[in-house]
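Here the protein sequences line up with chains A, B and C, keeping their order.
Take 1 as the starting number for the first sequence in the working numbering and just add one per residue.
Take 243 as the starting number for the second sequence in the working numbering and just add one per residue.
Take 582 as the starting number for the third sequence in the working numbering and just add one per residue.
It is possible that some hints are incorrect.
Stated by the list, open to error - Which chain B residues stay away from chain A? Per the calculated CB distances, all over 10 Å, these: (1) G345; (2) T419; (3) P446; (4) K483; (5) G484; (6) D511; (7) E545.
Said to hold, decoys possible - Label-pair ranges, simulated between beta-carbon atoms: (8) G145/A x A804/C: 45 to 51 Å; (9) M819/C x R110/A: 43 to 49 Å; (10) I20/A x G652/C: 47 to 53 Å.
Simulated from the structure, these hints should not be mistaken for lab results.
No experiment lies behind these values; they were computed from the predicted model shown.
In this text, a Cβ means the ideal position worked out from N, Cα and C, and glycines have one as well.
Spelled out from the first residue to the last, the chains are:
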Amino acid sequence: MAESETGMSAIPVASIEGAIEFIFTPQSSNVTGGKKVGGIDQVIELTLNQLWLTVVALAIALAVALPIGLYLGHRHKWESFAISFGTAGRGIPELILIAFFAAAIGVGFRNVVLALAILGIPPILANAFVGINQVDRSSVDAARGMGMSELEILRKVEIPLAIPTLMGGLRSATIAVVATATIAPYGGYETLGDFIINENVYGENGVLAGAILVALLAVTLELTLAGVQRLLTSPGLKLRPA
Amino acid sequence: MNMNPTRWRAVLALMAALVLTLGVAACGSDDDSTSGSATEGSTEASTEGGDESGGSIVSNPENGKVSLTVGSKNFTEAIILGEIYAQALEAAGYKVKKDLNLGSETVALKNIKQGTVSGYPEYVSTVLTSIFGKEPEEVPADATEAYEEAKAELEKENLTAFPPTPFASANAVGTTTATAEKYGLETVSDLEGVSEKLNLYGSPECRQRIDCLAGLEKLYGLKFKKFTPVDIGLRYTVLEKGQNNLSILFTTDPQLSAESDKFVILEDDKKVFPAGNVIWVTTPKVVEEAGPDYEATITEVQEGMTVEVIQELNARVELEKEPAAKVAAEYLEAAGYTG
Amino acid sequence: MIEPTVLAAAGQVGEDFFKDRDAGSLCQANNANLFCWDWAKNNIDRYEPFFIQHVELVVISVLIGFVAAFGLALLSRRWSWLRVPFLLGTGVLYTIPSVAFFFLLLPFTGRGRDTAIIALSVYTLQIIYRNTILGLDNVPRASIDAARGMGMTDRQILRKVELPLASPEIVTGLIVATVSTVAIATLAALAGGGGLGEVIVGKEKLGLDFKTNLIIAGGLTIALAIVFGLMLMGVQRMLTPWRRARPA
C-alpha cells in the first residue's frame, strides 16, 4: 500500500484479496450514501444478466445465420461472399455498434441484444457455409444415389460431418458476443462489465473483481462449448486438431 | 514446384516495406507521450490562449519552473472548466498538463492524493454530501457559508479549496414535457404515486449519492419502476428515445433553455438537490510549490463565470459540438483574460 | 425551479458573447438527425490524431503478434509436444474479452498504450499462430519428401517448400488478425490507450449519442479494416495465384 503525498491514509490499490472480498461480501461504496456495492448477490445478478444477454443474442444469430449458411454451403453458392462476410464481421467495432444502437433506437436489453446478434451472425454463417461446403462430395453423392432428399442429406450426412466447423463458428460467435456483452452498460444494460467500467462506484477492487469474473465467465463458456463439441462430434472425426 | 522464389522474395520484401512504412509514418507523426492522451489537444490551447499577453493574465517566467496537471470529472461542464483553468494557468506561465475526464469525484480525489493530478474543479454540494456524507438539509443555503464549511472539511483531509465561482449548478429530476403533462408533474413530490410507473435513468454513482437516487428514495420516499445507470452523456437520449422516463439532469444544461419545449425539470420542493458553486480542490504542497500566481489566476479567471456564461459555454460544446479547448479559449479571450 | 445560489460576478464578457441559438436549426444539436454533413466537413480534422493512434495500435500489435507467432510456430515444429500447450494457452487468452484483459493487466502495466498493445498482440498472436500451424500442417507430404529426396536440409525445406506453400494460410491469419485488431482497438480508449474509441468515451469525447460522431468513428474504423484487408489480400493473391483463400 503506497504512502500518499498528502500523508493521508494509504491509497487503496487493487489486490487479489480485495477483489475476492468484493465478490463475496458487499462493500461500503466509495461514495457515501449508505448503499453497499458488490457482494455475491450483485455478482450473481450481473453474471446472469450477461449470460442471458449472450444466450438470447446467440439464439437470434443462430436462427438467422445458420439456415442461410447451411443452404449456401449445401448448394455451394456464393463462396467468396460467405467467407469474406465471416472475416468482415470480425471488423465490426463493438463499442461503436452498441453506442449507435443506443443513440438510434434507445437504451435497454432489447436494443443491446440486437447489436450483439449482429456480431454473432458473421462467424456462424461463414463457418456453416465452410463446414457444409467442404463435406466430401462422394459421401454426398452416395447419399443422393441412395435416394435421400436434399434435406435428409443435410441432416444425416453433411451436418454430422461438419460439426467441428459448425461448433467452431458458434464458439467464435460466443467469444465475440460475451466480449461485447461486457460493455453492454454503455447501452444501458447492466452486466459484469459494470464493475470494470465504473471504478467510481465499485472501487479498484471492484474493477479487478469484474475483470476476473468476466474472464472466468468467458473461459467457462468456451470450455463448455468445447465439451459439447466433443460430445457431438462422431468418433471418426475426432482425429482433427481442435 | 511451380513457385518462383524470386517473385516470392519480392513479395515478402514489398509486404515488409509497406508495413514498416506505415509503422514509421504513424510513429513519426505522433510525438506526444504514449501513456494516455494527457497532452492531446493542449497544442491547440497553447497557441490560442498563451502567446499574446494582451489580457489581464500576465505570464510570469518564475512559474515556468512549476509543472501542474489539471484534472476534471467526466462530463461536459467539468471538462470545459478544466480546459479554462488549464489554459489560464498556462497563460500565467506554468507548464500545464491536462488529465481531464478522470471519472467521478472518487477517482479525481484518488488522483489528487496520489499526486498524479495537481487539482480539479469540484462542486461544493458534492464535497459536502458525496464526499463527507452530509444530509442535504445540512448544506447551508448561503453559498459563502457552504464554501467555508466545505473548505474546513477538506482541510481536515489535508486538501485545500480556493474561493468559489459565481455560478452554481445542481442535479435535477427531468423529463419530457409530454410525460410531465400526462402525469401532472411540476414538483418532485408530485411523483408520489406516479413514480412506480416511471423508469429513472442516472449516472452509475447516482444510486449511492444522497443528491441523486439515494436521496429520492430516502428523503422523498419515492420508489421507481426501475433505475438504470447510463453514461452521463446519454441523459437526454433516454428522454428522447423512451416513454415514461425520468432522467437526472443538471440545472446548467444548455438543452433546458435551447429545447425548453421538449424538456422540463421538476421543482426540488424538499431541497434534496443542493446547488453547488465550483471550487478548485488541490493540496497544500502544490500551493506552496506553485507560488501565489496559482490561486490568483484561478480565482481571477472564475470571475466571469455567471450561470448564463456557463450555459453558453455548455451550449457550444454540447449543442454545437465544438471542442472544449476552443470554447474555453473563446471564453478567456472574450472576458479579457487572454489575448 | 430551484434557484441555484449565485454569487455576484464581476460581469466580464460582453453582450455579444451570447449567441441566439435555435436548437432546431442546428443539425448537430438535434439528436434526431442521422448525419450532419456540414459539421462533419468542418470537424473531420479532429479525428486525425486518433486515427493515427489507431493505425499505430494496429500495426504495432500485428507486427508483434506476427513475430511472436512465427517464433512459437517454429518452436513447436522443432519440439512437437509444445503444440498442445501453446494452442491451449493462446486459445484461453484469446477467449478473455479485451476489456477484462486490459484491466487484468492494469496492476502490472498501468493505464496507457502499452497495456492496450500487449492485449492486442496476444489476440493477434493466437490467430496467426493457429493459422501458421494449420498452414504448415497442410503442406503435402509429397512435396516435402520430394525436396528431401533432392537433398535439401531441414532448414532449406522449411524456407523453400513449407513456408511458401503455407504462406496463403499464414497471410489469411494476418488478414483476420488485422481486421479483428482494428475493431478491438476501439476499446483501447477505455484503458487510456488512445485510438478512435477516444472520441466516444475518452477525453476528447464528442458524445456517446451524437450519431454523426459515431458514424464517422465507425466509418473510419471500417475503412481502415477494409484497406488493410484488401492490401493483405492482394499480397496473398500475388503469392499464390493458383490457390483459393481458405476461410478464417
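Against the structure, the hints come out as follows:
| no. | hint | in the structure |
| --- | --- | --- |
| 1 | G345 | 5 Å, violated |
| 2 | T419 | 19 Å, holds |
| 3 | P446 | 4 Å, violated |
| 4 | K483 | 4 Å, violated |
| 5 | G484 | 6 Å, violated |
| 6 | D511 | 21 Å, holds |
| 7 | E545 | 29 Å, holds |
| 8 | G145/A x A804/C: 45 to 51 Å | 49 Å, holds |
| 9 | M819/C x R110/A: 43 to 49 Å | 47 Å, holds |
| 10 | I20/A x G652/C: 47 to 53 Å | 36 Å, violated |
Hint check: violations occur at hints 1, 3, 4, 5, 10; the rest are consistent with the structure.
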